[in-house]
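There are 2 protein chains.
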Amino acid sequence: MTKIDPTPPAAATGTNGEDAFPLVLRRVAIDTYRENVAYLHRDCALYRAEGFQALSKVEVRANGRRILATLNVVDDPRIVRCNELGLSEDAFAQLDVANGQPAMLSQAEPASSIPALRRKIAGERLGRADYQAIVRDIAEHRYSKIELTAFVVATNQGELDREEVYFLTEAMAQVGERLDWRERLVVDKHCIGGIPGNRTSMLVVPIIAAHGMLCPKTSSRAITSPAGTADTMEVLASVELPIARLAEIVREHRGCLAWGGTAQLSPADDVLISVERPLSIDSPGQMVASILSKKCAAGSTHLVLDIPLGPTAKVRSMPEAQRLRKLFEFVAARMNLTIDVVITDGRQPIGNGIGPVLEARDVMRVLENDPRAPNDLRQKALRLAGRMLEFDPDVRGGDGFAIARDILDSGRALAKMDAIVRAQGARPFDHNAPQLARLDFEVRAEAGGVVTAIDNLQLARIARLAGAPKVKGAGVDLLRKLGDTVATGDVLYRVHADYVADLEFAREAARRSAGFGIGSADELPHLFVEF
Amino acid sequence: MTKIDPTPPAAATGTNGEDAFPLVLRRVAIDTYRENVAYLHRDCALYRAEGFQALSKVEVRANGRRILATLNVVDDPRIVRCNELGLSEDAFAQLDVANGQPAMLSQAEPASSIPALRRKIAGERLGRADYQAIVRDIAEHRYSKIELTAFVVATNQGELDREEVYFLTEAMAQVGERLDWRERLVVDKHCIGGIPGNRTSMLVVPIIAAHGMLCPKTSSRAITSPAGTADTMEVLASVELPIARLAEIVREHRGCLAWGGTAQLSPADDVLISVERPLSIDSPGQMVASILSKKCAAGSTHLVLDIPLGPTAKVRSMPEAQRLRKLFEFVAARMNLTIDVVITDGRQPIGNGIGPVLEARDVMRVLENDPRAPNDLRQKALRLAGRMLEFDPDVRGGDGFAIARDILDSGRALAKMDAIVRAQGARPFDHNAPQLARLDFEVRAEAGGVVTAIDNLQLARIARLAGAPKVKGAGVDLLRKLGDTVATGDVLYRVHADYVADLEFAREAARRSAGFGIGSADELPHLFVEF
Numbered sequence: 037m038t039k040i041d042p043t044p045p046a047a048a049t050g051t052n053g054e055d056a057f058p059l060v061l062r063r064v065a066i067d068t069y070r071e072n073v074a075y076l077h078r079d080c081a082l083y084r085a086e087g088f089q090a091l092s093k094v095e096v097r098a099n100g101r102r103i104l105a106t107l108n109v110v111d112d113p114r115i116v117r118c119n120e121l122g123l124s125e126d127a128f129a130q131l132d133v134a135n136g137q138p139a140m141l142s143q144a145e146p147a148s149s150i151p152a153l154r155r156k157i158a159g160e161r162l163g164r165a166d167y168q169a170i171v172r173d174i175a176e177h178r179y180s181k182i183e184l185t186a187f188v189v190a191t192n193q194g195e196l197d198r199e200e201v202y203f204l205t206e207a208m209a210q211v212g213e214r215l216d217w218r219e220r221l222v223v224d225k226h227c228i229g230g231i232p233g234n235r236t237s238m239l240v241v242p243i244i245a246a247h248g249m250l251c252p253k254t255s256s257r258a259i260t261s262p263a264g265t266a267d268t269m270e271v272l273a274s275v276e277l278p279i280a281r282l283a284e285i286v287r288e289h290r291g292c293l294a295w296g297g298t299a300q301l302s303p304a305d306d307v308l309i310s311v312e313r314p315l316s317i318d319s320p321g322q323m324v325a326s327i328l329s330k331k332c333a334a335g336s337t338h339l340v341l342d343i344p345l346g347p348t349a350k351v352r353s354m355p356e357a358q359r360l361r362k363l364f365e366f367v368a369a370r371m372n373l374t375i376d377v378v379i380t381d382g383r384q385p386i387g388n389g390i391g392p393v394l395e396a397r398d399v400m401r402v403l404e405n406d407p408r409a410p411n412d413l414r415q416k417a418l419r420l421a422g423r424m425l426e427f428d429p430d431v432r433g434g435d436g437f438a439i440a441r442d443i444l445d446s447g448r449a450l451a452k453m454d455a456i457v458r459a460q461g462a463r464p465f466d467h468n469a470p471q472l473a474r475l476d477f478e479v480r481a482e483a484g485g486v487v488t489a490i491d492n493l494q495l496a497r498i499a500r501l502a503g504a505p506k507v508k509g510a511g512v513d514l515l516r517k518l519g520d521t522v523a524t525g526d527v528l529y530r531v532h533a534d535y536v537a538d539l540e541f542a543r544e545a546a547r548r549s550a551g552f553g554i555g556s557a558d559e560l561p562h563l564f565v566e567f
Numbered sequence: 037m038t039k040i041d042p043t044p045p046a047a048a049t050g051t052n053g054e055d056a057f058p059l060v061l062r063r064v065a066i067d068t069y070r071e072n073v074a075y076l077h078r079d080c081a082l083y084r085a086e087g088f089q090a091l092s093k094v095e096v097r098a099n100g101r102r103i104l105a106t107l108n109v110v111d112d113p114r115i116v117r118c119n120e121l122g123l124s125e126d127a128f129a130q131l132d133v134a135n136g137q138p139a140m141l142s143q144a145e146p147a148s149s150i151p152a153l154r155r156k157i158a159g160e161r162l163g164r165a166d167y168q169a170i171v172r173d174i175a176e177h178r179y180s181k182i183e184l185t186a187f188v189v190a191t192n193q194g195e196l197d198r199e200e201v202y203f204l205t206e207a208m209a210q211v212g213e214r215l216d217w218r219e220r221l222v223v224d225k226h227c228i229g230g231i232p233g234n235r236t237s238m239l240v241v242p243i244i245a246a247h248g249m250l251c252p253k254t255s256s257r258a259i260t261s262p263a264g265t266a267d268t269m270e271v272l273a274s275v276e277l278p279i280a281r282l283a284e285i286v287r288e289h290r291g292c293l294a295w296g297g298t299a300q301l302s303p304a305d306d307v308l309i310s311v312e313r314p315l316s317i318d319s320p321g322q323m324v325a326s327i328l329s330k331k332c333a334a335g336s337t338h339l340v341l342d343i344p345l346g347p348t349a350k351v352r353s354m355p356e357a358q359r360l361r362k363l364f365e366f367v368a369a370r371m372n373l374t375i376d377v378v379i380t381d382g383r384q385p386i387g388n389g390i391g392p393v394l395e396a397r398d399v400m401r402v403l404e405n406d407p408r409a410p411n412d413l414r415q416k417a418l419r420l421a422g423r424m425l426e427f428d429p430d431v432r433g434g435d436g437f438a439i440a441r442d443i444l445d446s447g448r449a450l451a452k453m454d455a456i457v458r459a460q461g462a463r464p465f466d467h468n469a470p471q472l473a474r475l476d477f478e479v480r481a482e483a484g485g486v487v488t489a490i491d492n493l494q495l496a497r498i499a500r501l502a503g504a505p506k507v508k509g510a511g512v513d514l515l516r517k518l519g520d521t522v523a524t525g526d527v528l529y530r531v532h533a534d535y536v537a538d539l540e541f542a543r544e545a546a547r548r549s550a551g552f553g554i555g556s557a558d559e560l561p562h563l564f565v566e567f
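First to last, the sequence lines map onto chains A and B. With the working numbering applied, the first sequence corresponds to residues 37 to 567, in that order. With the working numbering applied, the second sequence corresponds to residues 37 to 567, in that order.
Just so you know, the hints here were simulated from the structure itself, not pulled from any lab data. There could be a bad hint or two in this list.
As the list claims (entries may be wrong) - Beyond 10 Å from chain A on every Cβ pair, some chain B residues (computed):
(1) Asn-108
(2) Ala-158
(3) Leu-215
(4) Gly-297
(5) Gln-415
(6) Val-431
(7) Val-522
Claimed, not checked - Incomplete in silico selection of chain A near chain B, CB under 10 Å:
(8) Val-60
(9) Ile-66
(10) Thr-68
(11) Tyr-69
(12) Asn-108
(13) Asp-112
(14) Val-311
(15) Arg-516
(16) Asp-520
(17) Thr-521
(18) Glu-566
Fair warning: this is a prediction, and the values are worked out from it, not measured in the lab. Ideal Cβ positions, reconstructed from N, Cα and C, are used throughout, including at glycine.
Bound-form chain A, shown alone (with noise of 0.2 Å):
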């Protein structure tokens, strides 16, 4: 290959193509979260970037393998040179290649399901073949992050009929991987999310695990949330395995605390969620089909759902609890998955932790039968573990709970808990003296009277704000709930943070609104729900 020396351009751009074919690869070490971008210098002499830019996406091959990327055009030699290519940190990554390898590129093809989803943006109902192409067009990365946004805002709301999100759910869980525990039943809680602190999962797990029954629990990190319980976990252990010595890990202990990212479930749905967050769309097709695919891409075959309902949860009304709750049991009858819903109290955090350190240390207070465990915390778990239990069937109806209670109180759910804490590889963590973060303020009732209100999203904003979960000790430590009387002055929460500017943003938040609401015991808000 004729070696093309970078400057003057002139030199270059009067070269024939066929010299410079094809292109040397080469990692630009920039992180572009979620979308693979290509770097070509605007001189390049085979392809002259330009002619690409306006369409779509480029097509990169090299190594026997091909990816899409979104195409940038570098003006800097030092970023890539004229016979270059350079591609993000995600897209190097995906090629996995060395940096000098040789790369072709070429425009990238429409994807063939575009043509599906343009009827679907002009409103028509798509069939089982439909979703299926679509789905594996954007697991595969051929969707450019417009047509994800343009496929998630034409299915949003009413715009999915029930079958088509089974339809949608089906495709994306065969899109992925599949796991095969080969057992009966293979037991699993999920929460649709939005309640901070809510780390039930962490409880759950080693109740299910010490009744004998296959809990392998895949967790997520947190996106625009203050912690995944993947983030909280890692304080006590890695979470990051690799599937094999997870396997080993559910055999031998019954269950896992994991991070499910490794295990490429259901990638299509990893791709949705990075156009699905920004937008905060989360329409119940969508959410349905991101939770049910996964689920039975895991493996499960029983599932307990929980549906938090409150004035700042993400479902607001007992009608629209209702009506998700048959959407899920639709969807999970025909994938043979067996589903038991619950709707629970999503007034407020659940615990008193907001962030990874903190959270952690009210689970395991509540392991350890500690007198200082947040009650709700410890409440929940209990119920959500009893209903899980009562899927074994030499477990009478209505005995779960008392089981599980039996299964903390003795201490054989801590003992299951750092168990597996030491099969993942346990982490130094001691919850009488966590690690907090080394800055802090406190937030103080301005009037005094009884807590009527705690924003779950104005908490979760604050706790993100001082750095959690990236900063395991920041987060939010509350110290009031609903019902509980203040006096003027009384320190409701207290703000942990390591970075001066991350303290700044979120006493900044917290000025705006403290995200409490202080009034007469009249005001509380009631709810009628299962627990």
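Given chain A, put chain B in place with the hints provided.
Same frame as chain A, now just chain B:
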């Protein structure tokens, strides 16, 4: 300000935020194609980039200005150092500051119209104030690409009623600059697009201006087509003129043919196009709002609007064309714009050339009354000009065509074109020896018969792949048109390209489909259109 050494990162991370505040601005020579991107080093002391990344956009303030950008995280100090804030070329140009100036970075508040956007996504009808808020946010680049796409998809097709189209048009016209020519009659013409080679504006403007009517024509460059009027006019003259100079030329010559981009007439439209084009969404509501908002902002009082109809045109049936016509008429009336909508023959490209130089050759041949001039281009331009001339109260109904023909045949149109070209800054061009791209290949008839179909989309694609419009001399030269009789092996068209790779891309596309249908004379599709 404390100078922070880019390596080792640990040193920078250990520094407290306050010292490093603000960041140092740096132009990063990456062209991200209409998307502002900010680059921050992963170890940036103050902000620790990751905390920002999942959350929509960041706000950059410098020089009293403020822009929003998507954040990319960088691990290479040659791109940005720990104390620097890198900006992509577009973003850097928008701030209009020098390298090394201080800049502040914060998390962007969500655009204030997002709740209205969410209502539209949920299928609600929006009011005038909603559209004004949304369009303002879009014009100020406060929407992410994802939010933009959500707006475009949610307002697609049947989702906008005609009142809403009017609100959207009005909001788009109000948000940018507005020209006022201080004359009673300011005429313009516009085609909804999709027909290659359709360069009637370059004939209509000199004819109308020679008649003495004011015709300040601003045009677009091609985005996904092989040439826009601005690209073709640029073969003859400069088209990027400061608005003051443009006004002088128009006052002196009664017309101009300039690029509309410098005028900032409908900045929201420029932003929306960046997602509409890749999705090929061109819904009636969005098309009407886009076109009429620009015309009103440009100060036009009278408009002839061309809707080409044909099997590979944008509009493919007469009922669809009529519906679109009514929508244009409804909105134009409310915007106080006099409109004359004509439905024209869109079954094939207009003229012979597709690509800037080839089209400029055709236009000049018509103006010079050269016998080689394509007659379809001449006829269409005369008819459109005739309709525009009839906006003049002194022209009798039906006389427009004859007046236009007289202006063209007498050489007055050519003289006016020469004057405009000189005023804008002439470029050397000889239509008897146009500078075509140096490489070419021919596409020949594989069977004998009559040309019964020419695919506008495929010929545009081939011309685009050959390098048009970036390579001015590239494109397609049509030697046969609908109804022509050909023998096996006759040349249908010639493709010109400057680069081997482009030539091969175009050849491959032509091999897959030449874009010509050959059959018997009775298979020619008939159309009953005005002209």
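The hints, checked one at a time:
1. Against the 10 Å criterion, Asn-108 (chain B) falls within the reach of chain A, whose nearest CB is about 5 Å from its own CB.
2. At the 10 Å boundary, the C-beta of Ala-158 (chain B) falls inside the reach of chain A, the nearest C-beta of that chain being 6 Å off.
3. No Cβ of chain A approaches the Cβ of Leu-215 (chain B) within 10 Å, the least distance being about 28 Å, so the stated non-interface status holds.
4. Once the 10 Å rule is applied to beta carbons, Gly-297 (chain B) is consistent with being away from chain A; the minimum gap is 15 Å.
5. With a least beta-carbon separation of about 32 Å from chain A, Gln-415 (chain B) lies farther than 10 Å from that chain, consistent with its non-interface assignment.
6. Annotated as non-interface, Val-431 (chain B) keeps its C-beta farther than 10 Å from every C-beta of chain A; the closest such distance is 41 Å.
7. Non-interface status of Val-522 (chain B) relative to chain A is upheld: no Cβ of that chain comes within 10 Å, the nearest being about 30 Å off.
8. Taken as an interface hint, Val-60 (chain A) does not check out: its beta carbon lies about 17 Å from the nearest beta carbon of chain B, beyond 10 Å.
9. Among the interface hints, the one on Ile-66 (chain A) holds; its C-beta lies about 5 Å from the nearest C-beta in chain B, closer than the 10 Å criterion.
10. Given hint, Thr-68 (chain A) at the interface with chain B, holds; its Cβ is 5 Å from that chain's nearest Cβ, closer than 10 Å.
11. Annotation: Tyr-69 (chain A) was flagged as interfacial toward chain B, and the flag holds, the nearest CB pair being 5 Å apart, inside 10 Å.
12. For Asn-108 (chain A), the shortest C-beta to C-beta distance to chain B is roughly 5 Å, which falls under 10 Å, so the interface hint holds.
13. For Asp-112 (chain A), the suggested interface contact is upheld, since its CB lies about 4 Å from the closest CB of chain B, less than 10 Å.
14. The criterion of a C-beta within 10 Å of any C-beta in chain B is met by Val-311 (chain A), whose closest approach is roughly 5 Å, and the hint holds.
15. Hint status for Arg-516 (chain A) relative to chain B: violated, with the closest Cβ pair at about 27 Å, above 10 Å.
16. A distance limit of 10 Å between C-beta atoms decides the matter here; for Asp-520 (chain A) the minimum to chain B is near 31 Å, and the interface restraint is violated.
17. For the restraint placing Thr-521 (chain A) at the interface with chain B, the shortest Cβ-Cβ distance is roughly 35 Å, beyond the 10 Å limit, so the hint is violated.
18. Taken as an interface hint, Glu-566 (chain A) does not check out: its beta carbon lies about 29 Å from the nearest beta carbon of chain B, beyond 10 Å.
In terms of the numbered hints stated before, the structure departs from hints 1, 2, 8, 15, 16, 17, 18, listed from lowest to highest.
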